[in-house]
Amino acid sequence: MSMKFFAPFFIVFARFLFALLFQGLLALVFFLRGDPTPFQSAAPWWTVYGSLIDLACLLAIGFFLRREGLRLSALFDFDRACFWKDLRFAFLLFLLFLVLGFGGGMAAGVLIYGGPPPAPMGGLPPWGTLFSLLVFPVLWGVTEQLTYQGYALPRLRALTGKTGLAVLIVAFGWALQHTALPFRPDWHFILYRFISTLPFAVVIPIYLKTRRLTPFMLAHWGVDMLSVMMTSVM
0 MSMKFFAPFF IVFARFLFAL LFQGLLALVF FLRGDPTPFQ SAAPWWTVYG SLIDLACLLA
60 IGFFLRREGL RLSALFDFDR ACFWKDLRFA FLLFLLFLVL GFGGGMAAGV LIYGGPPPAP
120 MGGLPPWGTL FSLLVFPVLW GVTEQLTYQG YALPRLRALT GKTGLAVLIV AFGWALQHTA
180 LPFRPDWHFI LYRFISTLPF AVVIPIYLKT RRLTPFMLAH WGVDMLSVMM TSVM
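Going by numbering that gives the first Met the number 0, the first residue of the sequence shown is number 0, and it counts up by one from there.
In case anyone wonders, no lab produced these hints; they're calculated from the structure.
From the three backbone atoms N, C-alpha and C, an ideal C-beta is built for every residue, glycine too.
Misleading hints may appear alongside valid ones.
[Claimed, not checked] Restricting the straight-line Cα-Cα distance to at most 27 Å, the calculated cross-link-like pairs of lysine-lysine (DSSO-like) are:
| no. | residue 1 | residue 2 |
| --- | --- | --- |
| 1 | Lys3 | Lys161 |
| 2 | Lys208 | Lys161 |
| 3 | Lys208 | Lys3 |
| 4 | Lys84 | Lys208 |
[Said to hold, decoys possible] Derived CB-CB ranges, DEER-like:
| no. | residue 1 | residue 2 | range |
| --- | --- | --- | --- |
| 5 | Met2 | Phe77 | 26 to 32 Å |
| 6 | Leu94 | Thr36 | 36 to 42 Å |
| 7 | Arg87 | Phe8 | 30 to 36 Å |
| 8 | Leu31 | Arg65 | 34 to 40 Å |
| 9 | Arg87 | Pro35 | 47 to 53 Å |
| 10 | Leu51 | Trp186 | 22 to 28 Å |
| 11 | Met2 | Phe101 | 38 to 44 Å |
| 12 | Arg87 | Leu225 | 16 to 22 Å |
| 13 | Phe9 | Ala73 | 15 to 21 Å |
| 14 | Leu31 | Met229 | 29 to 35 Å |
Given these sequences and hints, build the entire structure.
In structure tokens:
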């Protein structure tokens, strides 16, 4: 299997795999400390070890880009000349993300649980909440957009020759990732996380139309920070 074929498919599913890996490693720490339910105890910390998922993903993308003769910076499209335009577009995307996030979550909750679903965030000590509020949203928003739309999508599109197929693969990998954020051995929760994320597939064609990744990063950062804030208050 050539690296050109392997790399984009690996990256689409890398965040799911890294999420399982780092939750498992943290669970091992809890186990060694005598915790009777180490995997469950590790779950609330995903907005902290999530930064390790991001770093691992950035390292993997950087490795594959070097094989192409590129640097990680090649995926960033920040442009001062477009700053205000990007910011206005990011605000519109932020509103769209809110609708997709809360709407998808409520619909999936009713479908799977018949009512409000369990919260995938929260339950951390103050320092963990502070980290989740200040560090997690910006790093997660940037890396997730780089992973799926900045790196994987254009390469899968070129590899398959079919935009629709590339969008479907990325949407599936993106939704699958959320089944491990955090991972709970409960098919209801897994299905809920998968279904609630699927509506975000509509942002992929929007990106293909605009070709500007920076607004998506800004909107993603804002939504994640708001999610942490709301969960912390609740």
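Verification of the supplied hints:
Between the alpha carbons of lysine 3 and lysine 161 the distance comes to roughly 16 Å, so the proposed pair stays at or under 27 Å and holds. Distance check on the hinted pair: lysine 208 and lysine 161 sit about 15 Å apart at the alpha-carbon level, within 27 Å; holds. At most 27 Å may separate the alpha-carbon atoms for a hinted pair to count; lysine 208 and lysine 3 meet this at roughly 25 Å. At roughly 15 Å between alpha-carbon atoms, lysine 84 and lysine 208 fall within 27 Å of each other, so this suggested pair holds.
Taking 26 to 32 Å as the suggested C-beta distance range, the pair methionine 2 and phenylalanine 77 conforms, at roughly 28 Å. Between leucine 94 and threonine 36 the Cβ separation comes to about 39 Å, which falls inside the hinted range of 36 to 42 Å. Checked against the hint of 30 to 36 Å, the C-beta distance between arginine 87 and phenylalanine 8 comes to roughly 35 Å, which is consistent with it. The beta-carbon spacing between leucine 31 and arginine 65, approximately 36 Å, falls within the hinted interval of 34 to 40 Å.
Checked against the given bound of 47 to 53 Å, the beta carbons of arginine 87 and proline 35, roughly 51 Å apart, stay inside it. Checked against the hint of 22 to 28 Å, the C-beta distance between leucine 51 and tryptophan 186 comes to roughly 26 Å, which is consistent with it. At about 40 Å, the beta-carbon gap between methionine 2 and phenylalanine 101 stays in the expected band of 38 to 44 Å. Take arginine 87 and leucine 225: their Cβ atoms lie about 19 Å apart, and the range 16 to 22 Å holds.
Distance hint check for phenylalanine 9 and alanine 73: the Cβ-Cβ separation is about 19 Å, which falls inside the suggested range of 15 to 21 Å. Between leucine 31 and methionine 229 the C-beta distance comes to about 33 Å, which sits within the given range of 29 to 35 Å.
Going down the numbered hints, you'll see the structure goes against none, and every one checks out.
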